[in-house]
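All chains, full assembly: derive it from the sequences and hints.
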Amino acid sequence: MKKLLAATCLALVSSTAAMAQDTPKAATTTETFVGFCQNKGDVAAQNFCHGFGQGVYDTYLITRHAKNAPHFICAAASNQNKTRQDYITDFVKWTAANPRFNQMAAADTILRFLGESYPCKKG
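Here my numbering is used: the first residue of the sequence shown is 1151, the next is one more, and so on.
Among the hints, erroneous ones may be present.
In silico EDC-like pairs for lysine to aspartate or glutamate, Cα to Cα no more than 16 Å straight-line [to be verified]:
(1) K1243 x E1266
(2) K1190 x D1236
(3) K1243 x E1181
If you anchor each label on the Cβ, the simulated ranges turn out as follows [claimed, not checked]:
(4) D1192 x H1221: 31 to 39 Å
(5) R1214 x G1191: 33 to 41 Å
(6) G1201 x C1224: 20 to 28 Å
(7) T1209 x N1189: 17 to 25 Å
Hints were generated in silico from the structure; no laboratory data involved.
Don't be surprised by glycine CBs; every beta carbon is placed ideally from N, CA and C.
Written as structure tokens, this is what we have:
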């Protein structure tokens, strides 16, 4: 069953790659994500902002491996009183100061922000 699933996935990836002529663009750019986060009057936009941001961070947490992918974000350890909204507010301010990331994938930019703002101590 696993081999069949793997073969199917490989076939889909191969056919998709063959059809793509350019580098695919990010599904959710940083600029788009920030727009959702700044839209305080829209409940759906706020839900997307919080859910997407939390999903990126949770995925980061579960994919760390001590030897192959060590932690580089230590937000929770040093900022126990911060809320999710505090992190989002800080991210929005950071992106305003770093507009070169606006067209990059929001997930990459979120991790970049967290890594720069809340780095793990060396040693």
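> Going back to the hint list, which numbers does this structure go against?
Replying inline: Every hint satisfied by this model.
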